[in-house]
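Colleague: Given next are the chains, with one letter for each unit.
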Amino acid sequence: MTKIEEFIEETGAFDCVECGKCTSLCPVANINSDFAPRLIVVKAQEGLESEIKRDKDIWSCITCEICNDMCPYEVDFSGFIQRMRVEAVGMGNVPVCSEAGAVQTMQRITGMGQKQNRLAWLTDDLKVSDKGDVYYFTGCAYQLGILFNDKAPELKEIPANVVRIMNAAGIEPVVSNKEVCCGHDQLWSGDEVGFIDLMEQNVEMIKETGAKKVVFSCPEGFRTFNIDYQGFLGDLDFEILHISEFLMNLIDEGKLEFKETDETVTYHDSCRLGRHAGIYDTPRDLLDAMGVEFVEMASSQEKALCCGVNAFTNCNEASRQLQMMRLLEAKQTGAETMLAFCPKCVIHYNCLLSMEKMPIEREKIDIKVKDFSNFVAEHMK
Amino acid sequence: MLQRGYHQQTFHQRADTCNGRVLPRGGEILTAFEPRIVAFCCNWCSYAGADLAGVSRLQYPPSARIIKVMCSGRLEPQFILKAFELGADGVLVAGCHIGDCHYIAGNEKAKVRVEMTKELLDVLGVDSRRLRLEWISAGEGTKFADTMNNFTKELEELGPSPLKEVI
Ligand code: SF4
Ligand code: SF4
Ligand code: SF4
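Read top to bottom, the protein sequences are chains S and A. Using my numbering, the letters of the first sequence correspond one by one to residues 6 to 386. Using my numbering, the letters of the second sequence correspond one by one to residues 243 to 409.
If you are wondering where the hints come from, they were derived from the structure by calculation, not from laboratory data. Beta carbons are placed, not taken as given, at the ideal position from N, Cα and C, and that holds for glycine. Fair warning: there could be bad hints in the mix.
Straight-line Cα separation of at most 20 Å, DMTMM-like style, residue types lysine to aspartate or glutamate; simulated pairs [to be verified]: (1) S/Lys156 to A/Glu318; (2) A/Lys360 to S/Asp155; (3) A/Lys351 to S/Glu162; (4) A/Lys351 to S/Glu104; (5) S/Lys156 to A/Glu357; (6) S/Lys183 to A/Glu357; (7) S/Lys375 to S/Asp293; (8) S/Lys156 to A/Asp369; (9) A/Lys353 to S/Glu250; (10) S/Lys120 to A/Glu350; (11) S/Lys120 to A/Glu318; (12) S/Lys373 to S/Glu307; (13) S/Lys120 to A/Glu361; (14) S/Lys156 to S/Glu177; (15) S/Lys183 to A/Asp364; (16) A/Lys360 to S/Glu162; (17) A/Lys351 to S/Asp293; (18) A/Lys360 to S/Glu298; (19) S/Lys183 to A/Glu318; (20) S/Lys120 to A/Asp364; (21) A/Lys353 to S/Glu104; (22) S/Lys61 to S/Glu322; (23) A/Lys360 to S/Glu159.
Calculated from the model, a selection of chain S residues having no Cβ within reach of chain A, i.e. all distances over 12 Å [to be verified]: (24) Asn37; (25) Asp74; (26) Arg90; (27) Leu124; (28) Trp126; (29) Asp155; (30) Glu159; (31) Gln191; (32) Glu250; (33) Glu265; (34) Ser305; (35) Leu333; (36) Phe380.
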């Protein structure tokens with residue numbers, strides 16, 4: 006069996022009956038009629054190497070997993086795309102990267118063995134430890150906040166705010182300067198070898214801290230550890246938790262209290278947290294516990310629309326359209342703010358909002374888009 | 243859970259999928275340390291300044307690689323990050339003096355970007371003094387040569403870039 010045949014089988018793409026349900030629900034196919042997920046599967050099944058070399062469609066997919074969720078035969082379409090991309094890059098079929106590839110380069114540099122200054126955000130009032138049960142994986146939010154300071158400078162505050170929330174509940178999490186990027190963007194842009202390098206460094210580093218729980222504020226890191234690291238390495242011997250789950254536990258134990266507020270918000274299910282990891286309830290429970298007025302958008306949870314970009318590749322007209330559609334929905338709820346956990350969602354939506362010329366009247370979509378963890382920290386007593 | 247074909251790696255290996263290149267990896271043998279500088283010079287002022295330094299036979303270290311860009315405002319953070327990733331010890335960005343930009347305000351953009359990139363480099367563990375921004379006009383051949391000489395000296399003090407594996 007060739008490698009391609011192998012993953013066609015492993016991801017269940019072999020079971021595709023060409024019903025076309027994915028194509029009819031795919032948000033990209035809705036905008037770009039030349040794109041059809043079903044066709045990608047069919048072409049791969051035919052084993053046409055020359056197709057894989059030329060096929061740009063595997064980069065147009067935004068790996069939102071709407072198709073995975075809806076496919077009656079449970080084809081793991083995004084898993085299939087992820088592995089097709091690795092093959093494609095090997096054959097010279099590469100993506101168009103945003104910012105000329107600065108994000109990917111920045112992430113690769115984290116793993117080059119130098120002494121980073123990753124905890125630059127750590128101020129004296131924050132309590133953290135070197136060893137302990139709870140490890141907080143900060144991810145690249147701080148770095149992205151620097152790189153995109155014109156679009157989402159608030160991302161720089163995420164790590165400090167998360168530690169602040171944990172401190173308020175009496176937890177002094179472990180954070181590490183030896184942490185490297187999780188490798189999410191490497192894997193989804195076809196650099197499997199670079200991904201493995203980063204993964205090994207992270208797993209080794211967490212082992213050294215003795216942590217039993219690893220908490221993520223970023224949905225991508227969460228998904229990457231949960232699904233991809235464990236896919237490569239088998240079960241990891243620490244628990245992997247999203248911050249929303251972790252905070253709900255603390256709230257249930259009565260360890261966190263919030264200020265009263267009359268703000269109204271809506272919540273965007275980032276694809277990595279929602280469809281990829283199945284976490285829909287805890288963010289909503291969290292808002293409820295905070296006493297924040299919450300309104301749901303027209304499409305939410307499994308059906309949530311997407312920010313239109315994955316792994317900082319192939320940002321194009323379709324991405325703009327998708328961002329616009331989502332912001333339209335958000336604005337229609339009447340909420341003042343749309344919250345999201347994924348720092349990249351926050352960047353991409355604010356990117357559209359920061360455009361001077363818009364494809365639509367500004368009033369129809371201008372809603373504040375904010376990071377969820379920062380929002381929680383602001384509302385703590 | 244599936245266990246994908248997995249082989250442990252013994253050295254850092256990366257590929258730049260954005261341009262489809264496998265990045266070279268492995269140690270560099272250094273005998274005498276000669277800082278390698280990548281200098282991005284704008285077409286209208288600084289490149290001409292470098293040219294003037296050349297025709298005036300002013301001495302500056304030969305280890306600099308000059309890359310001409312149409313405007314310092316064309317410079318993206320990625321160009322700088324990439325230069326460091328590929329082993330540069332220092333990066334110089336040179337453009338027209340403020341107010342003299344051929345494209346009105348490209349150099350002001352460059353200034354903002356370089357400052358932001360400096361902040362990022364520090365977080366990544368690459369000393370931000372390794373990145374320099376200078377305004378050098380077409381007539382300032384001496385300033386170009388001086389900048390190169392000073393920068394080289396400072397980099398000699400800082401030592402090789404921490405992104406290089408030195409054997
Ligand atoms: S929904 Fe599933 S079975 Fe139907 S065409 Fe798409 S991948 Fe194939
Ligand atoms: S993952 Fe999303 S964008 Fe990609 S084919 Fe499926 S529905 Fe379309
Ligand atoms: S939406 Fe904006 S920030 Fe996001 S990839 Fe596209 S251009 Fe970059």
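Colleague: Now, for every hint given, state plainly whether the structure supports it.
Modeller: Evaluated hints:
1. S/Lys156 to A/Glu318: holds (16 Å)
2. A/Lys360 to S/Asp155: holds (15 Å)
3. A/Lys351 to S/Glu162: At roughly 25 Å apart (the allowed maximum being 20 Å), S/Glu162 and A/Lys351 break the hint.
4. A/Lys351 to S/Glu104: Distance ~15 Å between A/Lys351 and S/Glu104 Cα, so the pair holds.
5. S/Lys156 to A/Glu357: holds (16 Å)
6. S/Lys183 to A/Glu357: violated (25 Å)
7. S/Lys375 to S/Asp293: holds (18 Å)
8. S/Lys156 to A/Asp369: The given pair, whose Cα atoms are some 25 Å apart, is violated under the 20 Å limit.
9. A/Lys353 to S/Glu250: violated (42 Å)
10. S/Lys120 to A/Glu350: Violated: S/Lys120 and A/Glu350 sit about 32 Å apart, past 20 Å.
11. S/Lys120 to A/Glu318: Given that 20 Å is the threshold and the Cα spacing comes to 25 Å, the pair is violated.
12. S/Lys373 to S/Glu307: Violated, at roughly 23 Å.
13. S/Lys120 to A/Glu361: holds (15 Å)
14. S/Lys156 to S/Glu177: Cα-Cα ~31 Å, so violated.
15. S/Lys183 to A/Asp364: Since the Cα atoms of S/Lys183 and A/Asp364 sit roughly 15 Å apart, the hinted pair holds (cutoff 20 Å).
16. A/Lys360 to S/Glu162: holds (19 Å)
17. A/Lys351 to S/Asp293: violated (44 Å)
18. A/Lys360 to S/Glu298: Roughly 41 Å between the alpha carbons, so the hint for A/Lys360 and S/Glu298 is violated.
19. S/Lys183 to A/Glu318: violated (27 Å)
20. S/Lys120 to A/Asp364: Between S/Lys120 and A/Asp364 the Cα gap is close to 10 Å, so the pair holds against 20 Å.
21. A/Lys353 to S/Glu104: holds (17 Å)
22. S/Lys61 to S/Glu322: holds (15 Å)
23. A/Lys360 to S/Glu159: holds (19 Å)
24. Asn37: holds (22 Å)
25. Asp74: holds (19 Å)
26. Arg90: violated (8 Å)
27. Leu124: Incorrect as stated: the minimum Cβ-Cβ distance to chain A is 9 Å, not above 12 Å.
28. Trp126: violated (9 Å)
29. Asp155: The claim breaks: S/Asp155 does not keep its Cβ more than 12 Å from every Cβ of chain A (closest is about 8 Å).
30. Glu159: holds (16 Å)
31. Gln191: Incorrect as stated: the minimum Cβ-Cβ distance to chain A is 8 Å, not above 12 Å.
32. Glu250: Holds, since 20 Å exceeds 12 Å.
33. Glu265: Consistent with the label, S/Glu265 stays out of reach of chain A, its closest Cβ about 37 Å off (over 12 Å).
34. Ser305: holds (29 Å)
35. Leu333: Since the minimum Cβ distance to chain A is about 31 Å, S/Leu333 lies beyond 12 Å and the statement holds.
36. Phe380: At about 24 Å from chain A, S/Phe380 clears the 12 Å cut-off, so the statement holds.
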